[in-house]
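Just so you know, the protein sequences line up as chains A and B, in that order. Residue numbers for the first sequence follow the working numbering, so the first one is 1 and each next one is one higher. Residue numbers for the second sequence follow the working numbering, so the first one is 83 and each next one is one higher.
Take the hints with a grain of salt, since some may be wrong.
Away from chain A, derived, C-beta distances all over 12 angstroms, residues of chain B [as the list claims (entries may be wrong)]:
{"no.": "1", "residue": "102"}
{"no.": "2", "residue": "368"}
{"no.": "3", "residue": "502"}
{"no.": "4", "residue": "570"}
Facing chain B, according to a computed beta carbon distance under 8 angstroms, are these residues of chain A, among others [to be verified]:
{"no.": "5", "residue": "15"}
{"no.": "6", "residue": "16"}
{"no.": "7", "residue": "19"}
{"no.": "8", "residue": "37"}
{"no.": "9", "residue": "39"}
{"no.": "10", "residue": "52"}
In case anyone wonders, no lab produced these hints; they're calculated from the structure. All C-beta atoms in this analysis are idealised placements derived from N, C-alpha and C, irrespective of residue type, glycine included.
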Amino acid sequence: MEQAEVRQKVLDIIEDVALDEDLSNLDDSVALRDQLDLDSMDFLDIVMELKKRHKIEVPQEDYPQLATMDSCVTYLTPKFNQ
Amino acid sequence: MPIPNIPVERSFDPQDTQYDAIVIGAGMSGMAAAIRLGMFDKKVLLLEKHIISGGLNSYYSRSKIPFDVGLHALTNFAQKKERRRPLTKLLKQLRIPYEEFKLTEQFKSQIHFPEVKLGFTNDIDYFIQEIENHFPHEKDNFLKLLEDIKGFNEVALDNPYQSAKEKLAQFIRDPLLQEMILCPLLIYGSAWEMDMDYSQFVIMFKSIYLEGFGRPEGGVRTIIQALINKMKEANVEVCYRNGVSEIIVDNNQVKGVITSRGQTITAPLILSSAGLPETLGLIPTETKTSTSPTPKTGKMSFTEAIYITKKKPQLYGNDQTIVFYNNSEKYNYRCPDQFIDPQSAVLCFPNNFKYQNNHQGPFADDFDQGVLRITMMANYDKWNEAKSIGREFYLSEKEKVNQKSLELLSRHLPHFDPSEITFKDIFTPTTVERYTGHFGGCVYGSPDKTRDGSTAYKGLVICGTDQGFLGIIGSMLSGISMANLYGLMGQQ
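Please work from the sequences and hints to get the whole structure.
In structure tokens:
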């Protein structure tokens, strides 16, 4: 799977988790938490959705890897391709 | 506008005998917990002993008129997309669009003491101005208190108990203002008499003075219906008229429950919203391993008189949303010695919200008539005793509540005409106990809270008011947090 596709999959999840948020101007290099109203409860949801939709497990110690869209894509692409 | 009734679609017996989690009680916290677990494919059974959902915030109809019980107003009001607000968090976690709760804001409310009346709205600046007008020397102190409250993490699960009165006295000097600030916060949420825990004080302060009151159009049914829809989406299995008669514990680990209809259901996780003493009471003595003392039953219960009137309260001369009335300089928030304490009351006028949608006319709201609700502190033991003495005696005591409530209405609604009452209903602490199963008819739970939801038994978790969050938004957030912590985290 290409990085662009992975980005889209993550975006789809964030769209559902952060209902009512505008994601069109997302800066991929800036922390998601600083751009969107996301707290630790919402990051739990992102992790839960990755498992539910794509059978991808993110162990708790790897949560920091989901900080920005760029880091999400870097971290998740190999997992999508496993 | 007629309020849609929640369609009856009820099952009583579980389809299976094995689940990932059992949730006890279909109140706000139980439903929210069940939704969270179901959303992520946990197999969830929700057991409710009553025939409908809602728990302490439920509904009924008499003579085709819909009534709410519990909910006067929803605290923690927030505008759509307002960040970091409990309401916003809750909606996100349950994936319910903001519009679905159909929230309307209050007009204004009042803390009504003999010498001073302080108004407040959902805009804290209004309250600050009121304090400046009546207590000019306390304005700066109040602003300092506000700073402390804004910086306090009230939801940290490990905050130790701290007296709100003592903390408040560090900022506010005038005892009357201390009492007035505390009054709505105590009666809208404190399980403790005369005082409350500072964390809970901060939760209540933010939810009432900083965020404010709202009301779902259609009343509590609107919220319950939204939760029922979500439970369906999340494949939560709900059984009504089927409570829990025993929690099965083996070697300190929860194994499942025996339902009141006699089925044995197993699950490694039980989230109970029945209350802390009530839940521990379901574990048979012989399997109890914990030697810690039984948590106390809360003392605070209430009577409520509800009147339907031909005219709306504004025409009777009152446009307040909620009046916190107290007839002395000191606010005695405690279980009264007598059946009720007529020296204080909460008057709630659900017509007086800023309704916007689909209503016509000068007093456009979702009622055809006026609705007046008067809540007073009451003594459960007295009412329970009255019941055992006999129906006639019980009814005569209820009539006294009626008379006191009418007196209060005449005082607060200058043009009130009691002959225009078309319907009245009065409930007492024994009514609360009968419908909710909470010991002593207590409304804000036990003064012994378990902030992290844990019990001495592995897999048995408390959610709802005894976990320590307050109000209906708080109780839903409690269900969500406990489901996240014990059902979802570390298990992906």
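Going down the list of hints, with the structure as the test:
1. Non-interface status of residue 102 of chain B relative to chain A is upheld: no Cβ of that chain comes within 12 angstroms, the nearest being about 14 angstroms off.
2. At roughly 38 angstroms, the least C-beta separation between residue 368 of chain B and chain A is larger than 12 angstroms, which holds for a residue marked as non-interface.
3. The claim that residue 502 of chain B is not at the interface with chain A holds, since no C-beta of that chain comes within 12 angstroms of its own (minimum 43 angstroms).
4. Annotated as non-interface, residue 570 of chain B brings its C-beta within 12 angstroms of a C-beta of chain A; the closest such distance is 6 angstroms.
5. The closest approach between the C-beta of residue 15 of chain A and any C-beta of chain B is roughly 11 angstroms, which is over the 8 angstroms cut-off, so the hint fails.
6. Given the 8 angstroms rule on beta carbons, the hint for residue 16 of chain A holds: about 7 angstroms separates it from the nearest Cβ of chain B.
7. Checking residue 19 of chain A against chain B: minimum C-beta separation of about 6 angstroms stays under 8 angstroms; hint holds.
8. About 4 angstroms separates the beta-carbon of residue 37 of chain A from the nearest beta-carbon of chain B, less than 8 angstroms, and the hint is met.
9. Below 8 angstroms, beta-carbon pairs count as interface contacts, and residue 39 of chain A has one with chain B at about 7 angstroms; its hint therefore holds.
10. With a cut of 8 angstroms, the hint placing residue 52 of chain A at the interface with chain B holds, because the nearest CB-to-CB distance is about 6 angstroms.
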